[in-house]
Amino acid sequence: DAKTTQPPSMDCAEGRAANLPCNHSTISGNEYVYWYRQIHSQGPQYIIHGLKNNETNEMASLIITEDRKSSTLILPHATLRDTAVYYCIVRASNSGNTPLVFGKGTRLSVIA
Amino acid sequence: GAGVSQSPSNKVTEKGKDVELRCDPISGHTALYWYRQRLGQGLEFLIYFQGNSAPDKSGLPSDRFSAERTGESVSTLTIQRTQQEDSAVYLCASSLGATIPAGYTFGSGTRLTVV
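Chains W and Z supply the protein sequences, listed in that same order.
Take our numbering: the last position of the first sequence gets the number 112, and nothing is skipped along the way.
Take our numbering: the last position of the second sequence gets the number 1115, and nothing is skipped along the way.
Only chain W is shown next, with the shape it has when bound in the complex (with noise of 0.2 angstroms):
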């Protein structure tokens, strides 16, 4: 699976929107990106994953560009309980169900 670089910290305004990048310049056409979020001392939690067009559901949004070599999550109104730490994981949609790897993400704080 191709990797992915994530910025290892954010802050982000309560109210305002969050706008996590990550690359992965080295996807596959057969690639999906997914993001997760994990807060403190709980599993991590699935948010979205989209393969090229871009994707919206109740937690979030996800735009992935035109190449495919980034995308970025967005929480359009975040809160302090958004405080967490948030992963991009790229697999192949042939990956069956070999395991999600985890690398270090994104902590984002929400500050008041």
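None of these hints come from the bench; they were simulated from the model.
One or more hints might be untrue.
In silico DSS-like pairs for lysine-lysine, Cα to Cα no more than 30 angstroms straight-line [claimed, not checked]:
1) W/K104 / Z/K1011
2) Z/K1057 / Z/K1017
3) Z/K1057 / W/K3
4) Z/K1011 / W/K3
Given chain W, put chain Z in place with the hints provided.
Okay, now just chain Z, sitting in the frame of chain W:
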């Protein structure tokens, strides 16, 4: 149940003792994964089960670690002769299946402390 359930939530054990950790996946989820997370560290993959196939044990750190799963239900992770470096949160996750890029649902973990 509605989510992945793990028990116990906390376990303190003496060095050298065996421990057993339990995971109840979401009903209908054929895949089940165990991860370990040491304090301040990332998630380390340990083992995964897919239906009745042979499990992928490639992440188990030593032969003191083993896991079982009965069909597509409960899994137990056993650590024999525990060492202090085994202290960590042990996380279990389940997912739907092999042919779709399904998300994982994680449990809240078991915090193991070896004293």
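Hints violated by the structure (numbers, ascending): Checked against the structure, the only hint that fails is number 4, while the rest are satisfied.
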